[in-house]
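All chains, please: the whole structure from these sequences, using the hints.
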Amino acid sequence: MGDYSKALEFYEKSHQIAKIAFPPNHPDLGGSYNSIGGVYNNMGDYSKALEFYEKSLEIRKKALPSNHPNLATSYSNIGQVYENMGDYSKALEFYEEDLEITKKALPSNHPDLAVSHLNFVACYEKMGDCTTALKALKNAYQIQQKAFEEGNLAFASTYSWFGRVYRSIKDYSKSLDYFEKCLTIVQQTLPERHPNQAITYSNIGDVHRLMGDYEKAILFHRKALNIQENVQCDPTDCATTYINLGETYRQMKDYTTALTYYQKGLEMRENKLPKSHPDLAVVYHNLAKLYLSTRQYNMAMKNVQQAAEIAQEKLPSNHPHILEYKETFEKIR
Numbered sequence: 001m002g003d004y005s006k007a008l009e010f011y012e013k014s015h016q017i018a019k020i021a022f023p024p025n026h027p028d029l030g031g032s033y034n035s036i037g038g039v040y041n042n043m044g045d046y047s048k049a050l051e052f053y054e055k056s057l058e059i060r061k062k063a064l065p066s067n068h069p070n071l072a073t074s075y076s077n078i079g080q081v082y083e084n085m086g087d088y089s090k091a092l093e094f095y096e097e098d099l100e101i102t103k104k105a106l107p108s109n110h111p112d113l114a115v116s117h118l119n120f121v122a123c124y125e126k127m128g129d130c131t132t133a134l135k136a137l138k139n140a141y142q143i144q145q146k147a148f149e150e151g152n153l154a155f156a157s158t159y160s161w162f163g164r165v166y167r168s169i170k171d172y173s174k175s176l177d178y179f180e181k182c183l184t185i186v187q188q189t190l191p192e193r194h195p196n197q198a199i200t201y202s203n204i205g206d207v208h209r210l211m212g213d214y215e216k217a218i219l220f221h222r223k224a225l226n227i228q229e230n231v232q233c234d235p236t237d238c239a240t241t242y243i244n245l246g247e248t249y250r251q252m253k254d255y256t257t258a259l260t261y262y263q264k265g266l267e268m269r270e271n272k273l274p275k276s277h278p279d280l281a282v283v284y285h286n287l288a289k290l291y292l293s294t295r296q297y298n299m300a301m302k303n304v305q306q307a308a309e310i311a312q313e314k315l316p317s318n319h320p321h322i323l324e325y326k327e328t329f330e331k332i333r
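The opening residue of the sequence shown carries number 1 in our numbering; numbering runs sequentially from there.
Hints listed in this document are in silico derivations from the structure and should not be mistaken for laboratory results.
Treat the hints with care, since some could be wrong.
[What the hints assert, rightly or not] Here are the simulated DSS-like cross-link-like pairs (lysine-lysine), alpha carbons at most 30 Å apart as the crow flies:
1) Lys174 with Lys146
2) Lys302 with Lys6
3) Lys146 with Lys181
4) Lys48 with Lys19
5) Lys289 with Lys174
6) Lys19 with Lys61
7) Lys104 with Lys174
8) Lys90 with Lys61
9) Lys90 with Lys62
10) Lys90 with Lys223
11) Lys331 with Lys170
12) Lys135 with Lys103
13) Lys174 with Lys6
14) Lys55 with Lys13
15) Lys104 with Lys170
16) Lys289 with Lys331
17) Lys302 with Lys223
18) Lys135 with Lys253
19) Lys289 with Lys302
20) Lys289 with Lys216
[Claimed, not checked] Pair by pair, the computed Cβ-Cβ distance ranges are:
21) Thr256 with Glu313: 30 to 36 Å
22) Lys170 with Lys326: 15 to 21 Å
23) Arg193 with Lys253: 31 to 37 Å
Nothing here was measured: the structure is a model prediction, and the numbers come from that model.
Even for Gly, the Cβ is constructed at its ideal location relative to N, Cα and C.
And the structure:
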């Protein structure tokens with residue numbers, strides 16, 4: 001994680017120079033818009049990121065051949081912003097464009113092609129379509145096996161996604177296997193206390209919770225927080241750890257501690273995400289379950305309705321979350 005305001009200042013200065021030095025449709029100007037979009041995306045300012053990424057794409061479409069890798073990058077970047085905003089079907093449209101160009105532009109075992117396949121995984125997993133997510137994952141993994149030595153950092157992200165998808169389909173032992181493989185690579189290739197290490201600890205903790213081993217879950221979440229509270233991390237990752245801890249304490253029936261962690265996580269997500277983001281629905285649903293257990297039925301109903309409204313707007317009608325939210329709603333009613 002870097003100093004974004006400094007990066008922005010630097011890119012904006014060089015952008016002003018580029019605007020004077022180059023004609024309006026010059027590829028370098030497209031690159032300049034793209035860099036600024038990247039900083040805004042990392043800052044979580046998604047509307048600004050979209051604005052600059054779209055300007056970059058506009059120029060690149062005019063200036064570059066239709067199968068140019070930079071054009072693919074633009075589509076991928078815009079897809080990433082929509083994904084971050086929780087608009088998964090829109091993100092998929094842009095990822096499709098990226099994959100089409102990348103397939104034409106690069107050899108079939110090029111690592112960038114694996115990245116294009118990996119883009120799909122997150123969207124499909126979050127949309128509840130784990131079969132398609134696994135298919136995309138396997139495509140990415142096959143390419144990486146040809147392109148890299150075992151133990152390369154590129155595998156860490158792939159193993160992490162295998163872990164997430166298997167967790168979603170409730171194959172917890174497989175999920176744990178992949179998260180542990182990811183952790184091994186991260187520990188061997190990245191500096192100690194790297195934010196990615198924290199994310200992996202939190203993922204491992206969450207699987208232990210789902211397997212009913214709450215002590216182990218808390219141990220791994222604490223390891224994650226030990227990094228996230230002391231190193232500059234993405235606030236949404238830190239929020240996930242707080243929410244995972246909240247879920248663990250809720251299942252242990254320690255509702256006061258659970259509520260504290262939910263509120264910390266929710267505040268961070270509300271600060272960073274659009275109001276209708278599916279990740280907010282998850283926390284509202286968690287809170288609804290907690291309030292149901294503590295017999296605060298009005299609060300439970302308010303939260304489950306918020307969760308259901310977001311899910312109906314943003315998720316496919318057959319998404320498992322929609323069913324879960326309906327079940328909780330019925331219990332409260």
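A quick look at each hint next to the structure:
| no. | hint | in the structure |
| --- | --- | --- |
| 1 | Lys174 with Lys146 | holds (23 Å) |
| 2 | Lys302 with Lys6 | violated (42 Å) |
| 3 | Lys146 with Lys181 | holds (19 Å) |
| 4 | Lys48 with Lys19 | holds (19 Å) |
| 5 | Lys289 with Lys174 | holds (28 Å) |
| 6 | Lys19 with Lys61 | holds (18 Å) |
| 7 | Lys104 with Lys174 | violated (34 Å) |
| 8 | Lys90 with Lys61 | holds (19 Å) |
| 9 | Lys90 with Lys62 | holds (23 Å) |
| 10 | Lys90 with Lys223 | violated (35 Å) |
| 11 | Lys331 with Lys170 | holds (23 Å) |
| 12 | Lys135 with Lys103 | holds (17 Å) |
| 13 | Lys174 with Lys6 | violated (42 Å) |
| 14 | Lys55 with Lys13 | holds (17 Å) |
| 15 | Lys104 with Lys170 | violated (37 Å) |
| 16 | Lys289 with Lys331 | holds (9 Å) |
| 17 | Lys302 with Lys223 | violated (33 Å) |
| 18 | Lys135 with Lys253 | violated (38 Å) |
| 19 | Lys289 with Lys302 | holds (11 Å) |
| 20 | Lys289 with Lys216 | holds (23 Å) |
| 21 | Thr256 with Glu313: 30 to 36 Å | holds (32 Å) |
| 22 | Lys170 with Lys326: 15 to 21 Å | holds (19 Å) |
| 23 | Arg193 with Lys253: 31 to 37 Å | holds (33 Å) |
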